[in-house]
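Asker: Since chain A is already given, all that's left is putting chain B on it; use the hints.
2 protein chains.
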Amino acid sequence: RYFQFCKLPGRVMGIRLLRFTSVVIIVLLLVAGALTALLPNIKDDKMPNLRREPKTQSQSALDSFTLIMQTYNRTDLLLKLLNHYQAIPHLHKVIVVWNNIGDKIPEEMWNSLGPHPVPVVFKVQTVNRMRNRLQNFPELETKAVLMMDDDTLVSAHDLAFAFSVWQQFPEHIVGFVPRKHISTPSGVYSYGSFELQNPAFGNGDQYSMVLIGAAFFHSGYLEDFQRQPEAVYALIDETQNCDDIAMNFLVAKHTGKPSGVFVKPVDIRNLEKDTNSGYSGMWHRAEHLLQRSYCVNKLVNIYDGMPLKYSNIMISQFGFPNYANHKNKM
Amino acid sequence: RYFQFCKLPGRVMGIRLLRFTSVVIIVLLLVAGALTALLPNIKDDKMPNLRREPKTQSQSALDSFTLIMQTYNRTDLLLKLLNHYQAIPHLHKVIVVWNNIGDKIPEEMWNSLGPHPVPVVFKVQTVNRMRNRLQNFPELETKAVLMMDDDTLVSAHDLAFAFSVWQQFPEHIVGFVPRKHISTPSGVYSYGSFELQNPAFGNGDQYSMVLIGAAFFHSGYLEDFQRQPEAVYALIDETQNCDDIAMNFLVAKHTGKPSGVFVKPVDIRNLEKDTNSGYSGMWHRAEHLLQRSYCVNKLVNIYDGMPLKYSNIMISQFGFPNYANHKNKM
Chain A
1 RYFQFCKLPG RVMGIRLLRF TSVVIIVLLL VAGALTALLP NIKDDKMPNL
51 RREPKTQSQS ALDSFTLIMQ TYNRTDLLLK LLNHYQAIPH LHKVIVVWNN
101 IGDKIPEEMW NSLGPHPVPV VFKVQTVNRM RNRLQNFPEL ETKAVLMMDD
151 DTLVSAHDLA FAFSVWQQFP EHIVGFVPRK HISTPSGVYS YGSFELQNPA
201 FGNGDQYSMV LIGAAFFHSG YLEDFQRQPE AVYALIDETQ NCDDIAMNFL
251 VAKHTGKPSG VFVKPVDIRN LEKDTNSGYS GMWHRAEHLL QRSYCVNKLV
301 NIYDGMPLKY SNIMISQFGF PNYANHKNKM
Chain B
1 RYFQFCKLPG RVMGIRLLRF TSVVIIVLLL VAGALTALLP NIKDDKMPNL
51 RREPKTQSQS ALDSFTLIMQ TYNRTDLLLK LLNHYQAIPH LHKVIVVWNN
101 IGDKIPEEMW NSLGPHPVPV VFKVQTVNRM RNRLQNFPEL ETKAVLMMDD
151 DTLVSAHDLA FAFSVWQQFP EHIVGFVPRK HISTPSGVYS YGSFELQNPA
201 FGNGDQYSMV LIGAAFFHSG YLEDFQRQPE AVYALIDETQ NCDDIAMNFL
251 VAKHTGKPSG VFVKPVDIRN LEKDTNSGYS GMWHRAEHLL QRSYCVNKLV
301 NIYDGMPLKY SNIMISQFGF PNYANHKNKM
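Note that the protein sequences, when read in sequence, are chains A and B.
Using full-length UniProt numbering, the first residue of the first sequence is number 1, and each one after it goes up by one.
Using full-length UniProt numbering, the first residue of the second sequence is number 1, and each one after it goes up by one.
Chain A extracted, bound-state conformation (with noise of 0.2 Å):
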């Protein structure tokens, strides 16, 4: 074909051909002009973290965090806490955990109060398992998670800063609430807080856990959370309670490091006493600190080892409140 074009005379060609060179370098001259217009003004000092950019889609997913946040029986402290949650910086969505089996969401009550800030996703469960916050939703969009209990306050402030923190420290679980475990002559692990002995080396204390119902982590863990052994499932099912060590153990065997960092919350609280359901948390059964003491050996012997870690690092913010969490009296 191209060659029977040719046959034609050669000056008919020649300014034809003219013609659509020169369209053709118009067409790129203006695409080009109308991309440098689009740059970016970068400067030189310019601070990271661009925060005040627009956002693109793919910017939200590394610059976002997705809370997840599972409910029993405390709907008023869930929707009172979701007021304060939704407008979190950073957010990206909520996704709530509806372990009221057989219970009506208030979908139709949230969507009259609207609009919200972000989309929230209220998934209903067909039978109450702690365990149920940790599927891998559809809904999640971003590499990180916010996971929150139904009744805790954390300040907005503590929220940001944890958050920068994790974007620094992605594969670890970063939150407000170190545990530990330690060691027994008999091998037996216990569990526990501040008034366990000290691990058996340098001075002060050390944390191997920080607990998931404060804490942000990377959305990979709900992945790899699907692939852990049967037992594991079992275990927490059997006690309602230990899903968050499960996750820990997971972490750390992951990572061969500490699973956690733990960030001083300057604004914590609990807001159980509040509730007008009586219904006041797990943690508060007889049994609870030896549940997870027996799931701590129980988690061992799954996991054919103790892979948890310890750390000693406690992260505050520098400057905040005040100048003077730093000021020091040289």
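Among the hints, a few may not be true.
As the list claims (entries may be wrong) - Output of the computed footprint for chain A on chain B, the stretches with three or more beta carbons under 8 Å from beta carbons of chain A:
1) 160-174
2) 191-203
3) 308-320
Unchecked claim - Some, not all, of what chain A presents toward chain B, calculated at C-beta under 10 Å:
4) Thr75
5) Ala160
6) Phe161
7) Val165
8) Gly202
9) Asp205
10) Pro229
11) Phe318
Stated by the list, open to error - Simulated restraints on C-beta separations:
12) B/Leu289 x A/Gln226: 52 to 62 Å
13) A/Thr255 x B/Pro117: 29 to 39 Å
14) B/Asn270 x A/Glu171: 54 to 64 Å
Just so you know, the hints here were simulated from the structure itself, not pulled from any lab data.
We put the CB at the ideal spot given by N, CA and C, even for glycine.
Answerer: Showing chain B alone in chain A's frame:
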């Protein structure tokens, strides 16, 4: 030869072969048994950081640090501080940079008061320069350097903890004195501390430098410092100041991250009022802070850009001095 051997009667060969293989098997079994007996006893729950193991030469280099302390006109403070610092855990050696030009080092007195926990080397200088302490001393064997001003007392607990933090952040300057630069609309930078405005994002304060007069850093940076532009040395010599700011520029440029990690000291003291010499340190000069702002701007020219980055991470030791430092009101 082998084939010739084979020509011997088969039965005789068979017995010799049998004996030979029996001996070989017995020897192998004995060797295997000996090896098994020598295997270390590995327990699953053994804590990381096996600090009580006997140290080999290579372990020392990684698991200990060298104190470099420059001194001028405050020998009484130097000796007081050496009594303390020579006994810090994980200290490998002390290098005293002797800026008292023409004065004899107190070596005789030092030796007469031996034995000492670690070797102390006095490096006699020919010119009294601030940057003398940033030489790549041949006596330096460890990966980590602890640099201290000769009037600063930091507790052993703080130093042991900060060293463990440095081991987790070996490419950063891990220390006790945070400072920052700020940008002004004119493009001119200012140097300061909490008294300056907070950099323009988020809440709370930020720091962009950790001063080397009370900090751990990687000895490799002393090597790198020898390869800086001449203008950097000229600046430090001209001001007899700013060597620490230059080091922060070097580290920030090298890592592309904030140069320092601030560890909040529990007990840090400035002893300069305790000296008999009456000498009170460079930072009392009227122009000290203005000089440091000047240095920041000069270094930006020399480095053709501002490499310093902000951080608001403040690290403290979990549960030290007591658990109250993390116990929350929940």
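Asker: For every hint, state whether the structure bears it out.
Answerer: Checked hints:
With 5 residues having a Cβ less than 8 Å from any Cβ of chain A, the stretch 160-174 of chain B passes the three-residue criterion, so the hint holds. Counting residues of the stretch 191-203 of chain B whose beta-carbon sits less than 8 Å from any beta-carbon of chain A gives 7, enough to reach three: the coverage restraint holds. Taking a C-beta to C-beta cut-off of 8 Å, the stretch 308-320 of chain B contributes 12 residues in contact with chain A, enough for the three needed, and the coverage statement holds. Evaluation of the A/Thr75 hint against chain B yields a violated restraint, the C-beta minimum of about 22 Å exceeding 10 Å.
Given hint, A/Ala160 at the interface with chain B, holds; its Cβ is 7 Å from that chain's nearest Cβ, closer than 10 Å. Against a cut-off of 10 Å between C-beta atoms, the interface hint on A/Phe161 holds, since the closest Cβ of chain B lies about 7 Å away. Because the closest C-beta pair between A/Val165 and chain B is about 7 Å apart, less than 10 Å, the hint holds. Look at A/Gly202: its Cβ gets to within about 7 Å of chain B, closer than 10 Å, so that hint holds up.
Interface restraint check: A/Asp205 against chain B, minimum CB-CB distance 3 Å, threshold 10 Å, status holds. The criterion of a C-beta within 10 Å of any C-beta in chain B is not met by A/Pro229, whose closest approach is roughly 17 Å, and the hint is violated. Nearest Cβ of chain B to the Cβ of A/Phe318: about 4 Å, under the 10 Å cut. The hint holds. In this structure the supplied range 52 to 62 Å holds for B/Leu289 paired with A/Gln226, their Cβ-Cβ distance being about 57 Å.
Checked against the hint of 29 to 39 Å, the C-beta distance between A/Thr255 and B/Pro117 comes to roughly 37 Å, which is consistent with it. Distance hint check: the CB atoms of B/Asn270 and A/Glu171 are about 39 Å apart, inconsistent with the given range 54 to 64 Å.
Going down the numbered hints, you'll see the structure goes against 4, 10 and 14, while the others check out.
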